[in-house]
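Colleague: Quick note, the sequences are listed as chains H and F, same order. Going by my numbering, the first sequence opens with residue 1, and the numbers climb by one from there. Going by my numbering, the second sequence opens with residue 1, and the numbers climb by one from there.
Note that these hints are calculated values from the structure, not bench results. Watch out, some of these pointers could steer you wrong.
Claimed, not checked - In silico DSSO-like links for lysine-lysine, alpha-carbon gap of 30 Å or less:
(1) F:60 with F:150
(2) F:60 with F:86
(3) H:382 with F:35
(4) F:60 with F:89
(5) F:35 with F:109
(6) H:382 with H:267
(7) F:150 with H:382
(8) H:382 with F:86
(9) F:86 with F:98
The model shown is predicted, which means the values in this text are computed figures rather than measured ones.
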Amino acid sequence: MIPEIGHFMLALALAVACLQAVIPLVGATRGYSNWVAFASPAARVQFLLVLAAFLTLVHAFLTNDFSVAYVAHNSNSALPAAYRLSAVWGAHEGSLLLWILILCGWTFAVTVFDKGLPPKFAAIVVSVLGIVSVGFLSFLLFTSNPFDRLIPALADGGDLNPLLQDPGLIIHPPMLYLGYVGSSVAFAFAIAALIQGRITAQAARWIRPWAIATWIFLTLGIALGSWWAYYELGWGGWWFWDPVENASFMPWLLGTALIHSLAVTEKRGSFKNWTVLLALATFALSLLGTFLVRSGVLTSVHAFATDPGRGVFVLALLGGVIGGSLILYAWRGPSTFAGGNYEPVSREVFLLLNSALLAVATATVLLGTLYPLAHEALGLGKISVGPPYFNVVFSAVMLPLMAFLGIGQFSRWKSDSLIRLRKNLVYPLSATIAAAFVAVIMLGGQKTIAAGVGLGFGFWVVITTLLGIRERCQGRQHPWFTLFNLPRAFVGQCIAHLGFACTVIGVVVASFYSVDEHQRLAPGESTELAGYEFHFVNLRTYSGPNYRATQGNFELRRDGKFIATLKPEKRLYHVRNMPMTEAGISPGFTRDLYVSLGEPLDDGAWSVRLYFKPFVRWIWLGAILMACGGFIAMFDPRLRSPAVARTEAVADTSSAER
Amino acid sequence: MRYVIPLGAFIVLVAFLAIGLGLDPRYVPSPLIDKPLPNFELPELGTRHSRITTADLAGKPRLLNVWASWCVACRVEHPLLLDLAKSGKAAIVGLNYKDAHDDALAWLKQHGDPYERTVFDEHGSLGLDLGVYGVPETFVIDRHGVIRYKQVGPITDGALASVIMPMLEQLAGDK
Chain H
1 MIPEIGHFML
11 ALALAVACLQ
21 AVIPLVGATR
31 GYSNWVAFAS
41 PAARVQFLLV
51 LAAFLTLVHA
61 FLTNDFSVAY
71 VAHNSNSALP
81 AAYRLSAVWG
91 AHEGSLLLWI
101 LILCGWTFAV
111 TVFDKGLPPK
121 FAAIVVSVLG
131 IVSVGFLSFL
141 LFTSNPFDRL
151 IPALADGGDL
161 NPLLQDPGLI
171 IHPPMLYLGY
181 VGSSVAFAFA
191 IAALIQGRIT
201 AQAARWIRPW
211 AIATWIFLTL
221 GIALGSWWAY
231 YELGWGGWWF
241 WDPVENASFM
251 PWLLGTALIH
261 SLAVTEKRGS
271 FKNWTVLLAL
281 ATFALSLLGT
291 FLVRSGVLTS
301 VHAFATDPGR
311 GVFVLALLGG
321 VIGGSLILYA
331 WRGPSTFAGG
341 NYEPVSREVF
351 LLLNSALLAV
361 ATATVLLGTL
371 YPLAHEALGL
381 GKISVGPPYF
391 NVVFSAVMLP
401 LMAFLGIGQF
411 SRWKSDSLIR
421 LRKNLVYPLS
431 ATIAAAFVAV
441 IMLGGQKTIA
451 AGVGLGFGFW
461 VVITTLLGIR
471 ERCQGRQHPW
481 FTLFNLPRAF
491 VGQCIAHLGF
501 ACTVIGVVVA
511 SFYSVDEHQR
521 LAPGESTELA
531 GYEFHFVNLR
541 TYSGPNYRAT
551 QGNFELRRDG
561 KFIATLKPEK
571 RLYHVRNMPM
581 TEAGISPGFT
591 RDLYVSLGEP
601 LDDGAWSVRL
611 YFKPFVRWIW
621 LGAILMACGG
631 FIAMFDPRLR
641 SPAVARTEAV
651 ADTSSAER
Chain F
1 MRYVIPLGAF
11 IVLVAFLAIG
21 LGLDPRYVPS
31 PLIDKPLPNF
41 ELPELGTRHS
51 RITTADLAGK
61 PRLLNVWASW
71 CVACRVEHPL
81 LLDLAKSGKA
91 AIVGLNYKDA
101 HDDALAWLKQ
111 HGDPYERTVF
121 DEHGSLGLDL
131 GVYGVPETFV
141 IDRHGVIRYK
151 QVGPITDGAL
161 ASVIMPMLEQ
171 LAGDK
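So here's chain H without its partners, still in its complex pose (with noise of 0.2 Å):
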């Protein structure tokens, strides 16, 4: 019975999702306002029954109820309780019902934080996400149903994918949803912009929040799918340039854009139609790995559910969705962005600069990612691109915006010159190239050119991040007093910057190196690796709740001295019969240590896998630097005060509107 409820409240979420993609929208081009008054009660009541669905689910799930197909196929009683929880949005139809709560979230805080904006303004917002609600509610309720009943129930059911039994894969799915779902956000607001014709300084303010929220889940979500690779695959890699982690990647690259292309709309009213078309194209990609994933076009690690129908709607609803707004864009943009003006050397155009080489490492990421079906569709037979590819053609792009971002810090906006530029970077540069040096020569190693490269672009935005703080700060009458009270956009913009350099450095060292070693060992031998002596004591084996696992016992020593004891386990989970592997791992500051198990041979020897991983943690850690800048950027009381942002927009709107 309970499942009937949930699929019932699903039903009359759509109902209410097609009131309100109606409704506001027709009271706010006709001015109606009490139709425009219907957008915030109608997208609360949606996300209420979404919610109550979803919990119908998680309650089928914890409740070990195998009648609903949904449960059968993705759980088992021998499940951990946090595990069946995690299963909900452990396949295809869980994880679309919550998308379809994330978006009703993303929604019902529109409606919540919308008193910056105008109320039509924030109708047609809400409105457009009703839209959106419309389309995956019925691609859910038509084609992919997680309520429907399996007669007769199972006795047990077929367990979650050993694969996604893993804390990281908790939360992994919500936080990547979170990110791909408040692109709608924006782009919502990009299509009001449209409509309505204009984007106000303060409206372009009031979405800022947003577009970093977005931001920070995505770099989150990708950074925890990376780590999850980097300690569940076992084979130490931590991005494979697999087309789903390229979907996800894309909308980072175009939301990264996004907010700096923002930050000069709002500041200087300029770059209107560059920005609206990021926030389009952020949400298209976003559908667009929604597509990737669903309809098994391209072959994946994360492509489940397999489904040519599945597919076709997914593509109408992309089409629809997509097509539609690159129409309003085709048929409105010509007379909504107008104003703003800038010279050729300002901090506006290196801002303009790295947003468009942002734009084009997205383009040759979805060319790497699409090429292989484009060729085949083309007739000319099967290929596969892969990260030699990627590694190369993204790295070209990268160097130049690092280049770019360190410049860009010492510029002034609307006007600079080209001769107090050189004069001011000429001291970090050498810094940079020392700095270089120094650390490619502690280093050691070989691959020394490449490395220095990729390590003096790292320290170049570092130096001139930090340099830029200095900038700030100097020759104020109380130095210190205005580097503690720094506004916290400014102070979050350069822990983003100094996280983005922390990655870059992680990506670099970890590449060139790392070193690992594929051995055979038995218990009692010992084996060397980069100065580290491991040493295999023993196996075990052991069973948990659902699987059963062997266990091997490695001591790590350094000089004899010893380090850590790890234990990488094989597993076997026993109702699907899939083996499993689980890393041993010595985290450290600048390094990993990192084994595997791999297959037993004869005579109780096994195949270990050994890495040694030099600052590899850089990566994740500077994900996390990234987030808290975001965080901080997201809080500065000048984006949300709605009193503020209301007395300049009238200033702001006459000078935008030039």
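Got chain H sorted already, so can you dock chain F onto it with the hints?
Modeller: Then chain F, alone, in the frame of chain H:
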């Protein structure tokens, strides 16, 4: 004009995705089509000493069906193979891939045995030569022992009616 460019790019993208939907991402063309079967000499399943070689598969067109007792998808296509063998329209040779001898025999006893003979490829050496990357797979072999077609995954009614049977009939007519 420049405001229309994104729309144009998007339409091209959607067109490719729409074509892509109609393609099977798991389909990998086999480089072995129109090449002779790799040479092999392996034990026959269910016998003590009898062995099967490449030469045994020549003489008339046959299907070579790769299966294993641990393979769930093999159960899906098995009734089709049984019907086919019973009707006498096709001769089928089994290739038991990376399996245990007793498990394989028990499986055939339980589900029925459509095979003329079954090659017992315990270590997967012939499977490797044939480029088997998922079980089940089925090869159409002509009378000269040349591979003419490869079906990846279970044989479906559609594939049987539209590709495999017409090809077998044509091969039976050829000299």
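Colleague: For each hint, tell me whether it holds in the structure or not.
Modeller: Status of each hint after checking the structure:
no. : hint             : verdict
1   : F:60 with F:150  : 17 Å, holds
2   : F:60 with F:86   : 18 Å, holds
3   : H:382 with F:35  : 20 Å, holds
4   : F:60 with F:89   : 12 Å, holds
5   : F:35 with F:109  : 34 Å, violated
6   : H:382 with H:267 : 49 Å, violated
7   : F:150 with H:382 : 16 Å, holds
8   : H:382 with F:86  : 37 Å, violated
9   : F:86 with F:98   : 27 Å, holds
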